[in-house]
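Number of protein chains: 4
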Amino acid sequence: MACSKFEYVKKFEQDEHLLPGCYIVVRIDGRGFHRFAEKHDFQKPNDIQALTLMNKCAIEVMKETPDIMLAYGQSDEYSFVISRESILFQRRRSKIESMVVSQFSSAYVFHWASTMEGRTLQYPPGFDARAVCYPTTKTLLDYLSWRQVDCHINNLYNTTFWTMVEKGGISNRDAEEQLKGSLSVNKNEILFSDYGINYNDEPEMFKKGSVLVWEEGLKEVKRTPEGVSVRRNRRWVEVLHCDIVCIDFWVSRFPDLLQS
Amino acid sequence: MACSKFEYVKKFEQDEHLLPGCYIVVRIDGRGFHRFAEKHDFQKPNDIQALTLMNKCAIEVMKETPDIMLAYGQSDEYSFVISRESILFQRRRSKIESMVVSQFSSAYVFHWASTMEGRTLQYPPGFDARAVCYPTTKTLLDYLSWRQVDCHINNLYNTTFWTMVEKGGISNRDAEEQLKGSLSVNKNEILFSDYGINYNDEPEMFKKGSVLVWEEGLKEVKRTPEGVSVRRNRRWVEVLHCDIVCIDFWVSRFPDLLQS
Amino acid sequence: MACSKFEYVKKFEQDEHLLPGCYIVVRIDGRGFHRFAEKHDFQKPNDIQALTLMNKCAIEVMKETPDIMLAYGQSDEYSFVISRESILFQRRRSKIESMVVSQFSSAYVFHWASTMEGRTLQYPPGFDARAVCYPTTKTLLDYLSWRQVDCHINNLYNTTFWTMVEKGGISNRDAEEQLKGSLSVNKNEILFSDYGINYNDEPEMFKKGSVLVWEEGLKEVKRTPEGVSVRRNRRWVEVLHCDIVCIDFWVSRFPDLLQS
Amino acid sequence: MACSKFEYVKKFEQDEHLLPGCYIVVRIDGRGFHRFAEKHDFQKPNDIQALTLMNKCAIEVMKETPDIMLAYGQSDEYSFVISRESILFQRRRSKIESMVVSQFSSAYVFHWASTMEGRTLQYPPGFDARAVCYPTTKTLLDYLSWRQVDCHINNLYNTTFWTMVEKGGISNRDAEEQLKGSLSVNKNEILFSDYGINYNDEPEMFKKGSVLVWEEGLKEVKRTPEGVSVRRNRRWVEVLHCDIVCIDFWVSRFPDLLQS
Ligand SMILES: Nc1nc2c(ncn2[C@H]2C[C@H](O)[C@@H](COP(=O)(O)OP(=O)(O)OP(=O)(O)O)O2)c(=O)[nH]1
Ligand SMILES: Nc1nc2c(ncn2[C@H]2C[C@H](O)[C@@H](COP(=O)(O)OP(=O)(O)OP(=O)(O)O)O2)c(=O)[nH]1
Ligand SMILES: Nc1nc2c(ncn2[C@H]2C[C@H](O)[C@@H](COP(=O)(O)OP(=O)(O)OP(=O)(O)O)O2)c(=O)[nH]1
Ligand SMILES: Nc1nc2c(ncn2[C@H]2C[C@H](O)[C@@H](COP(=O)(O)OP(=O)(O)OP(=O)(O)O)O2)c(=O)[nH]1
Ligand SMILES: O=P(O)(O)OP(=O)(O)OP(=O)(O)O
Ligand SMILES: O=P(O)(O)OP(=O)(O)OP(=O)(O)O
Ligand SMILES: O=P(O)(O)OP(=O)(O)OP(=O)(O)O
Ligand SMILES: O=P(O)(O)OP(=O)(O)OP(=O)(O)O
Ligand SMILES: [Mg+2]
Ligand SMILES: [Mg+2]
Ligand SMILES: [Mg+2]
Ligand SMILES: [Mg+2]
Ligand SMILES: [Mg+2]
Ligand SMILES: [Mg+2]
Ligand SMILES: [Mg+2]
Ligand SMILES: [Mg+2]
Ligand SMILES: [Mg+2]
Ligand SMILES: [Mg+2]
Ligand SMILES: [Mg+2]
Ligand SMILES: [Mg+2]
Numbered sequence: 001m002a003c004s005k006f007e008y009v010k011k012f013e014q015d016e017h018l019l020p021g022c023y024i025v026v027r028i029d030g031r032g033f034h035r036f037a038e039k040h041d042f043q044k045p046n047d048i049q050a051l052t053l054m055n056k057c058a059i060e061v062m063k064e065t066p067d068i069m070l071a072y073g074q075s076d077e078y079s080f081v082i083s084r085e086s087i088l089f090q091r092r093r094s095k096i097e098s099m100v101v102s103q104f105s106s107a108y109v110f111h112w113a114s115t116m117e118g119r120t121l122q123y124p125p126g127f128d129a130r131a132v133c134y135p136t137t138k139t140l141l142d143y144l145s146w147r148q149v150d151c152h153i154n155n156l157y158n159t160t161f162w163t164m165v166e167k168g169g170i171s172n173r174d175a176e177e178q179l180k181g182s183l184s185v186n187k188n189e190i191l192f193s194d195y196g197i198n199y200n201d202e203p204e205m206f207k208k209g210s211v212l213v214w215e216e217g218l219k220e221v222k223r224t225p226e227g228v229s230v231r232r233n234r235r236w237v238e239v240l241h242c243d244i245v246c247i248d249f250w251v252s253r254f255p256d257l258l259q260s
Numbered sequence: 001m002a003c004s005k006f007e008y009v010k011k012f013e014q015d016e017h018l019l020p021g022c023y024i025v026v027r028i029d030g031r032g033f034h035r036f037a038e039k040h041d042f043q044k045p046n047d048i049q050a051l052t053l054m055n056k057c058a059i060e061v062m063k064e065t066p067d068i069m070l071a072y073g074q075s076d077e078y079s080f081v082i083s084r085e086s087i088l089f090q091r092r093r094s095k096i097e098s099m100v101v102s103q104f105s106s107a108y109v110f111h112w113a114s115t116m117e118g119r120t121l122q123y124p125p126g127f128d129a130r131a132v133c134y135p136t137t138k139t140l141l142d143y144l145s146w147r148q149v150d151c152h153i154n155n156l157y158n159t160t161f162w163t164m165v166e167k168g169g170i171s172n173r174d175a176e177e178q179l180k181g182s183l184s185v186n187k188n189e190i191l192f193s194d195y196g197i198n199y200n201d202e203p204e205m206f207k208k209g210s211v212l213v214w215e216e217g218l219k220e221v222k223r224t225p226e227g228v229s230v231r232r233n234r235r236w237v238e239v240l241h242c243d244i245v246c247i248d249f250w251v252s253r254f255p256d257l258l259q260s
Numbered sequence: 001m002a003c004s005k006f007e008y009v010k011k012f013e014q015d016e017h018l019l020p021g022c023y024i025v026v027r028i029d030g031r032g033f034h035r036f037a038e039k040h041d042f043q044k045p046n047d048i049q050a051l052t053l054m055n056k057c058a059i060e061v062m063k064e065t066p067d068i069m070l071a072y073g074q075s076d077e078y079s080f081v082i083s084r085e086s087i088l089f090q091r092r093r094s095k096i097e098s099m100v101v102s103q104f105s106s107a108y109v110f111h112w113a114s115t116m117e118g119r120t121l122q123y124p125p126g127f128d129a130r131a132v133c134y135p136t137t138k139t140l141l142d143y144l145s146w147r148q149v150d151c152h153i154n155n156l157y158n159t160t161f162w163t164m165v166e167k168g169g170i171s172n173r174d175a176e177e178q179l180k181g182s183l184s185v186n187k188n189e190i191l192f193s194d195y196g197i198n199y200n201d202e203p204e205m206f207k208k209g210s211v212l213v214w215e216e217g218l219k220e221v222k223r224t225p226e227g228v229s230v231r232r233n234r235r236w237v238e239v240l241h242c243d244i245v246c247i248d249f250w251v252s253r254f255p256d257l258l259q260s
Numbered sequence: 001m002a003c004s005k006f007e008y009v010k011k012f013e014q015d016e017h018l019l020p021g022c023y024i025v026v027r028i029d030g031r032g033f034h035r036f037a038e039k040h041d042f043q044k045p046n047d048i049q050a051l052t053l054m055n056k057c058a059i060e061v062m063k064e065t066p067d068i069m070l071a072y073g074q075s076d077e078y079s080f081v082i083s084r085e086s087i088l089f090q091r092r093r094s095k096i097e098s099m100v101v102s103q104f105s106s107a108y109v110f111h112w113a114s115t116m117e118g119r120t121l122q123y124p125p126g127f128d129a130r131a132v133c134y135p136t137t138k139t140l141l142d143y144l145s146w147r148q149v150d151c152h153i154n155n156l157y158n159t160t161f162w163t164m165v166e167k168g169g170i171s172n173r174d175a176e177e178q179l180k181g182s183l184s185v186n187k188n189e190i191l192f193s194d195y196g197i198n199y200n201d202e203p204e205m206f207k208k209g210s211v212l213v214w215e216e217g218l219k220e221v222k223r224t225p226e227g228v229s230v231r232r233n234r235r236w237v238e239v240l241h242c243d244i245v246c247i248d249f250w251v252s253r254f255p256d257l258l259q260s
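Protein chains in written order, with the numbering used here: chain A, 1 to 260; chain B, 1 to 260; chain C, 1 to 260; chain D, 1 to 260.
Just to be clear, a hint being listed does not mean it is correct.
Across the chosen pairs, the derived CB separations fall in these ranges [what the hints assert, rightly or not]:
(1) A:D15 - D:H17: 47 to 57 Å
(2) A:E220 - B:G181: 52 to 62 Å
(3) B:V239 - A:S114: 26 to 36 Å
(4) D:D67 - B:V239: 51 to 61 Å
(5) B:R231 - C:D67: 40 to 50 Å
(6) A:H241 - D:L258: 49 to 59 Å
(7) B:D41 - A:S114: 16 to 26 Å
(8) A:W236 - B:R231: 12 to 22 Å
(9) B:G181 - A:K10: 51 to 61 Å
(10) A:R35 - B:Y195: 48 to 58 Å
(11) B:G181 - D:H17: 49 to 59 Å
(12) A:E220 - B:L183: 50 to 60 Å
(13) D:K10 - C:D243: 33 to 43 Å
Quick caveat, the hints were computed from the structure, so don't treat them as lab data.
The C-beta atom is built at its ideal place from N, Cα and C for all residues, glycine as well.
Turn these sequences into a full structure, and let the hints steer you where they fit.
Written out as structure tokens, the structure reads:
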């Protein structure tokens, strides 16, 4: 930037560097998505296209930032896990938070039309962002468990609630009343006994959220004029809908993490 | 959020609250806009449509956040000034930075098509963000002067450079060489003597950047069936291209600020 | 420090720089001085020697740090005001806080014997410290008013309480009960009517606390063998017990502050 | 504290909470101890009494703060290691740093007379303090290795230097010149060949510094009138001068740490 007698004001910038050696989780969350979902006719309780759009944006963020080792999304939120050793933007908090949320936001609008089939975007949505440091693998895994358990609890509730309302013709208020204080087992029971729905058969994306991981391997990059497949070693992002609370996922996907 | 044994991880969030009593400036800046401008055929050195798009986004951010008292933009950057007394998001740094940059980013894609006339957006752009506290009116004004002087210096340079290249048929390298170490007066002279361009006659938006301020007054909100204008008291954002280094702007627009 | 393969750990230090342009107030406060005062037979409610010792330590801190423009003390606490422009330790928070509190603490023990006449120090006392930024002169003055009003309120209460207990033979519990919810005027009345004490006549040090300011002028530095006084220009710390809530103090002592 | 219209200024306090789950190391270091050592005739390069005084103060700090699991001292510095789970002062940075350094400083003056045999304290010394978070056991151990290796390097240098000066009659400048760029092996050689000193025979306190750890066990607390020893379970601080770079110390003393 140009030099002038005013340049001293740059010294007022206070740049926090996130503690080295920790995992950095950046979580973004849609602002006022209750209203945003209403305005855009999101299916209740889960809109497959809307969730797919979230995944597309997260994949784009991951591709921009190879230091992201895993991402987890559900509802209007996404968590990006940056590796312990990363020196992305010298671990500057503002840079990391703002770059992730900005890329996600513009991708959201960018991919809207191709994903939300015929629905018109009424206004540009906002997301907030926060970076959190986790010093140990245990705390990182507990963080991700927290988000996936949250997904499960909310989804079971919402699935039951909207089934009661839409299939059972029960008023919102009455459904809320009946579910107050109910346990998981109760909600499973209502779904099964009253509506013949086995919660286990619900789509994995709804029950587990989406887990983005890097895959590496040979990928067909083109075919020769003769039709022979040309394969190269490539890295790409895979979308999973699996359990990440249980240790098995980590043992098979991130064995190194557990040793540290 | 749902409660579980994993919820303790929320305690790892470290929320900085920006010092009360200070002006908060949030500056956003396009990431890699050198390349972005190339890819989208931005006119050199100033693309009116691109600058207009920046202004549209900034206006949208201001409307979302009435605590922003003024905004200043030039090139691929925008600074938003939040008032000293603001308790926006309890002055939480991450919330403020992320909400501003997220809204700006999604607005940029949202308004692209209607502003950039026929140019297709190749990829979703990213912006970084930082919030900076300024404790006094003097330091705030010096901050804004810093940005406007930066605009002036860059614009005079770029205008001269591209005139030499495009009108004078001089190679990029030679133009750079000739301008190295030159003073403002030299560049004005080159423009005038060699190309008959009076730099003063360049568009104010290019020379001064854009200043967004709130206006208040009666605005026509509709017309009756009989054609009578119905006016209501309204607040709206006005785009100016004026000098904000000189004290006159502040005396006439923000007299209270100077007393504090 | 010596260089080794372990030196990377130094990068984990996170140094906060206090916002430029703000006043920095470092407040220290005795830890558990309720008990410390008991153990060392402090006179109730005010022990002149103990307060004098606090002042001595504060003067020593000021002399070590010329950037401290004023200090204010009462009870077991002291506030040091560092000027806006100071670059003491590059405004590093930890350095500033720790140096002030460390010097104060060791001075407290150092000067104990010469100040506390025959009382033996039972154990080394601890003080906590915090640095707080104040962006404007108004907030700084309000800070100091806060501390002086606190001194006044506590001292009026304590003076009345201990008079009732020690002169009136009232039990601690009964005195507390009678003073619950009482106003200043009530306490003045009790002191005057029941015990003939005019609160206004109490020592200024007790009512107002202690204000340390720099003085400058000619001071006798020695006398010649002939007994002629030799005077040099010197700077020293003066102890005042005056009102700092009212603007008059500031007008006469720090006129420049009010212009900024 | 008393309530007044000025109390709003308390909101300007910005309290950083150190990241949970990390070890917290508080390192204090004497300010200007080069001069302090000169003024108080510290023996060169190691003054046993001065080092013993440092240890006494550190023991006192540890006793005040049971969350300190280990401390390491050398020269004019001491590092205190607070356990990962500690919620001391809710992990507030300023509180932790200031309480440690304040207690250390006042203890230093308090125990001076009884430790420094006949030497008079000329002026109260100051120490700075900083708290640093270490997220993993590895980084913590590397931190401590860093300090112990620093101790070793400085002590070998200083021992050789002062031997050359005091025993060899070499000037300071010449000794410095001869040692410039020398390796450990060279210094050992000089000591051995020129002065018959085997560096390995130097006192462990000088070569390794001091390691403070908690011990637990039966301790005689009194004797009955009949002379029978009465023993109770007690916890006390033990001073060691052992190697903490090598893993053996940790395996035997802190086996749990290595599992985490
Ligand atoms: N119908 C529907 N709603 C959804 C879907 N995904 C998210 N939402 C809505 C439901 C929730 O009201 C909201 C997410 O909850 P939040 O706690 O993030 O609240 P919200 O974004 O309204 O407020 P916030 O600004 O984050 O505090 O988004 C979906 O697939 N379908
Ligand atoms: N042609 C053209 N280029 C523009 C216009 N506005 C901004 N740019 C380009 C010129 C500069 O290369 C760039 C802004 O400079 P920056 O210092 O922000 O660099 P850039 O964004 O490339 O990198 P960064 O990621 O911010 O470090 O944007 C415009 O109206 N026309
Ligand atoms: N008798 C007597 N007590 C005093 C004098 N100056 C201070 N104190 C005592 C009275 C209060 O109990 C105490 C100061 O109040 P604080 O709120 O600082 O409480 P304390 O230091 O006990 O706890 P803390 O560790 O600061 O939270 O010091 C004095 O001159 N005479
Ligand atoms: N003669 C002697 N000097 C010692 C002893 N222990 C420490 N010192 C002196 C030697 C060093 O000059 C000084 C410690 O080095 P530092 O790097 O901490 O320097 P210093 O405290 O002078 O400056 P600082 O304020 O910490 O930047 O203390 C000792 O036992 N004997
Ligand atoms: O991006 P630059 O180089 O114009 O300067 P800066 O914005 O101050 O640097 P950074 O983006 O790294 O904070
Ligand atoms: O937004 P909430 O209420 O789900 O919870 P939070 O995200 O922890 O709160 P905030 O957005 O205010 O940080
Ligand atoms: O004091 P030094 O030079 O040994 O090194 P440091 O302690 O890391 O420097 P500072 O005291 O300025 O933090
Ligand atoms: O110590 P108190 O209760 O007078 O009030 P405080 O000093 O603001 O509290 P803390 O010492 O916990 O910061
Ligand atoms: Mg939220
Ligand atoms: Mg939301
Ligand atoms: Mg949400
Ligand atoms: Mg930049
Ligand atoms: Mg840019
Ligand atoms: Mg820019
Ligand atoms: Mg306190
Ligand atoms: Mg106290
Ligand atoms: Mg107190
Ligand atoms: Mg140092
Ligand atoms: Mg030192
Ligand atoms: Mg040292």
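Q.
Hint compliance check: list the failing hint numbers for this structure, sorted ascending.
A. 1, 5, 6, 8, 9, 13
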